[in-house]
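Participant: So the protein sequences, as listed, match chains A and B.
Heads up, the first sequence is in this note's numbering, so the first residue is 4 and it goes up one at a time.
Heads up, the second sequence is in this note's numbering, so the first residue is 2 and it goes up one at a time.
Derived from the structure by calculation, the hints contain no laboratory data.
Please note that a few of the clues may not be correct.
As the list claims (entries may be wrong) - Listed next, the in silico BS3-like pairs over lysine-lysine satisfying Cα-Cα at most 27 Å (straight line): (1) B/Lys-9 - A/Lys-122; (2) A/Lys-144 - B/Lys-20; (3) B/Lys-234 - B/Lys-150; (4) A/Lys-123 - B/Lys-410; (5) B/Lys-257 - B/Lys-48; (6) A/Lys-74 - B/Lys-150; (7) A/Lys-23 - B/Lys-407.
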Amino acid sequence: MSTAILRVENITKYFNDINKFKVLDDLSLEIPRGEFVSIVGKSGSGKSTLLYVLSTMDRDYEGTMYFENTKLTGMQVDELAEFRSENIGFVFQFHYLLSKFSVLDNVMMPALKLGRYSKKEIEQHAYEKLQLLEIDSLAHKASENLSGGQQQRVAIARALINNPKIIMADEPTGNLDSANASNVFSLFRKIVDTQKQTIITVTHDKEFARMSDRTIEMKDGKIISEQENSNR
Amino acid sequence: MVLELLLKIAKTHLLSRKKQSIIAALGVTFGIGMFIAMVGLMTGINKFLEDLMLANTAHVHIYSKEPNTRQSILDGYLSPDANFNVVTGTKPKAVKINIKNGTEILNEIKKDPGVEGASPLLVAQVFYNSRSTPLNGTISGVDIIDFDKLFNMQGKMEEGAIQDVLTVNNGIIMGKGLAENLNVNIHDQVNVTTYNGNQLRLNIIGIFSTGISAIDNVVSYASLNTAQKIMEKNEDYFTDINIKLKNIKDSPQMAKRWANEYNYKAEDWMQANAEVFVGFTMRNTITVAVSLALLIVAAFGIYNILTMMIYEKMNDIAILKANGFKGKDIKKIFLTEALIIGILGGIGGLIFGLLIAFGLSNIPLQSAQLKTLSHLPVNFDIKYYAFGMLFALITTFFAGWFPARKASKIDPVDIIRGK
């Protein structure tokens with residue numbers, strides 16, 4: 004049995020926008036359990052596309068994907084939604100939060116959907132996550148009134164609420180200033196070190212990528228290098 | 002817990018765009034309101050006319066068949082197919098139009114358990130001679146006690162009592178319009194000339210008013226005996242039987258049965274007023290067509306607004322789906338929004354419709370022909386309000402269902418990549 008938590012084999016994906024365009028080219032990859040993995044590359048290298056395939060939100064690809072030993076390829080949309088609910092927390096680049104809801108509501112939402120705990124317990128868990136991210140004082144503010152950096156933290160807290168095995172982040176620092184961006188990466192580092200969760204993040208900033216355990220570099224839909232960083 | 006969450010999301014969506022939600026609900030309100038007002042007015046008019054009809058039409062009317070056109074004797078001997086027969090000026094055969102064995106038939110009908118009352122009728126054409134120019138009119142001889150059961154004669158009396166017809170010799174109850182035209186009053190006497198030239202003096206023992214000038218200006222009621230006296234007929238002679246049934250819905254079958262049994266024409270009240278029913282059907286068709294148009298316009302409004310709402314909430318859909326919400330959860334959210342609009346708009350529509358209907362029912366009407374009609378007749382039957390509400394829910398459900406289904410099918414990745 005492999006130690007990989009997520010494994011893809013021979014993934015190929017096309018975009019059919021105007022011309023058929025190969026975004027992912029026969030790509031195979033293993034994500035080891037409990038690691039902080041960053042995927043880097045220039046715009047159009049296919050790094051975000053790969054992340055969405057890994058997140059199970061994109062089903063339109065060739066090849067196969069396994070989570071632990073479960074085959075995810077071929078599962079139905081709703082089965083995958085349930086799978087995501089339990090196992091994956093996702094942090095978007097732009098799409099942060101339900102703007103009209105409070106911070107606490109946003110964070111609790113995936114857990115309420117999963118329905119594993121009572122509302123009271125979920126509320127407590129949400130407070131714990133907010134404390135971890137040092138934004139517990141904002142709990143009852145409307146999320147649309149927060150700054151970008153604060154919103155991103157709330158989004159991370161929400162990704163953590165169900166204690167997913169994997170947290171995925173698409174350019175989580177894309178529109179943050181460098182101080183905030185640095186904060187986010189420190190947070191990820193802290194999460195991996197303390198909670199033993201796996202994190203996969205896409206970034207174009209090699210500086211930040213160096214804070215992760217492993218950097219995967221992509222170009223033209225292929226992995227061109229994979230290197231381990233010494234952060235432990 | 003999930004449902005509670007979905008409801009909360011739906012509520013927040015609606016409240017965050019209050020103006021839009023209110024406009025969507027107003028679309029339903031106007032649709033349902035106009036539907037209720039229109040249906041109320043149309044059915045009110047129909048019901049008024051039906052009541053008016055029933056107040057003056059028997060449930061079943063039995064009368065003698067009209068004499069058929071007579072075949073000429075020549076045609077009987079030489080077939081008109083093979084020969085060229087010309088016979089001009091054939092007179093219709095003189096046929097007695099009374100109901101033979103009338104009294105027996107009447108008694109049999111009265112014994113039928115489904116019959117409330119039955120009255121014989123003999124109509125005498127007369128001229129009223131109270132003025133310089135004689136006035137044309139009729140005297141209807143009836144069994145006044147049963148006639149009262151049929152048409153609530155007592156209730157139509159302006160002056161006098163119906164029983165006097167039985168006790169006062171040559172007593173008649175005169176239509177109000179007719180009495181005014183003749184310038185006579187209760188307890189006055191009036192001279193009439195019958196169609197075969199006899200003169201008679203009658204005592205006015207009462208004045209009635211039906212509100213229909215076609216009756217009030219022409220008809221007087223008398224006992225059957227008086228009418229027979231005017232017509233110079235014997236005690237068995239009458240031409241029609243008017244019957245009231247215990248259950249009005251039995252009219253067509255009973256009419257058919259009696260027609261077969263006695264071999265006379267038996268007409269139920271719906272046949273007798275066929276042209277009025279054509280009017281009913283046309284009014285109802287217009288009502289349904291206009292109401293449907295209103296509701297469909299409202300439904301398109303809701304469809305548009307919900308579609309817009311969904312496009313505005315694309316981000317939310319992507320976020321929810323990425324966080325494990327299924328397509329059907331998304332569908333539930335938007336259907337809930339549609340139904341909330343439907344319920345609020347529908348309730349508003351009921352109130353709006355009730356107000357319009359109330360306003361309409363206060364519009365005064367002055368009709369020389371229908372004196373009992375002082376205001377527009379409006380039906381406030383709860384049935385139409387329930388139907389309006391149901392329709393509001395159904396249309397909003399479907400208006401929400403299509404955009405909701407679209408939202409449920411969108412792949413979150415498509416939304417994210419679209420940015």
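Participant: Hinted pair, alpha-carbon criterion (27 Å max): B/Lys-257, B/Lys-48. Please report holds or violated.
Facilitator: holds, 25 Å
Participant: A/Lys-144 and B/Lys-20: Cα distance at most 27 Å?
Facilitator: Judged against 27 Å, a Cα distance of about 24 Å means the pair holds.
Participant: Checking one constraint from the list: CA of A/Lys-123 to CA of B/Lys-410, max 27 Å. Satisfied?
Facilitator: Not satisfied, since the Cα-Cα distance of roughly 32 Å exceeds 27 Å.
Participant: Does B/Lys-150 sit within 27 Å of A/Lys-74, going by the straight-line distance between their CA atoms?
Facilitator: violated, 85 Å
Participant: Holds or violated: are the alpha carbons of B/Lys-9 and A/Lys-122 at most 27 Å from each other?
Facilitator: Holds. B/Lys-9 to A/Lys-122 sits at ~14 Å (cutoff 27 Å).
Participant: Just to be careful, I want the Cα atoms of A/Lys-23 and B/Lys-407 compared with a cutoff of 27 Å; is the pair within it?
Facilitator: Holds, because 26 Å separates the two Cα atoms, which is no more than 27 Å.
Participant: Is the Cα-Cα distance between B/Lys-234 and B/Lys-150 27 Å or less?
Facilitator: holds, 26 Å
In the structure shown, a violation is registered for the earlier hints numbered 4 and 6, in ascending order.
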